[in-house]
Amino acid sequence: MGSEDHGAQNPSCKIMTFRPTMEEFKDFNRYVAYIESQGAHRAGLAKEWKPRQTYDDIDDVVIPAPIQQDFDDLERKYWKNLTFVSPIYGADISGSLYDDDVAQWNIGNLRTILDMVER
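Taking my numbering, the leading residue of the sequence shown gets 1, the next gets one more, and so forth.
Quick caveat, the hints were computed from the structure, so don't treat them as lab data.
Please note that a few of the clues may not be correct.
Label pairs and their in silico Cβ distance ranges [stated by the list, open to error]:
no., residue 1, residue 2, range
1, Arg19, Asn109, 12 to 22 Å
2, Leu97, Leu74, 24 to 34 Å
3, Phe18, Phe71, 42 to 52 Å
4, Thr17, Gly95, 22 to 32 Å
5, Val117, Ala33, 20 to 30 Å
None of the values given here were measured: they were computed from a predicted structure.
Glycine is no exception: its CB is placed at the ideal position from the N, C-alpha and C atoms.
Sequences are here, hints too, so could you generate the full structure?
Next up, the structure:
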């Protein structure tokens with residue numbers, strides 16, 4: 001594969017970056033197998049991140065335009081929605097951002113066993 005070569009099995013559990021080409025990503029299962037063969041799964045999914053700034057004294061934090069909320073009203077709305085409105089999850093929504101004829105980079109068309117679900 002043309003992506004960065006990280007050595008076999010990633011013994012240091014280093015976070016790895018992969019940049020698949022369009023050609024490499026055409027066979028999604030093969031590309032995932034390649035990533036695993038490089039040991040990327042040993043390090044986890046998240047890229048490096050830095051925590052937000054902390055404050056020594058919370059009293060020094062100034063919120064320029066704080067939101068005014070009535071907690072009793074918020075609680076009423078919460079329980080009303082919980083009782084009468086069923087939650088919507090991304091997995092429950094049919095559709096895709098891609099046209100039907102797009103095969104590459106289309107999460108809805110990865111040609112995995114998940115494609116057989118609900119057919």
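Tested hints:
1. Arg19 - Asn109: 12 to 22 Å: holds, 21 Å
2. Leu97 - Leu74: 24 to 34 Å: holds, 33 Å
3. Phe18 - Phe71: 42 to 52 Å: Given a distance of about 46 Å, which is inside 42 to 52 Å, the answer is holds.
4. Thr17 - Gly95: 22 to 32 Å: Because 30 Å falls inside the window, the suggested range holds.
5. Val117 - Ala33: 20 to 30 Å: Cβ of Val117 to Cβ of Ala33: about 21 Å, so the range 20 to 30 Å holds.
Violated hints: none; the structure is consistent with every hint.
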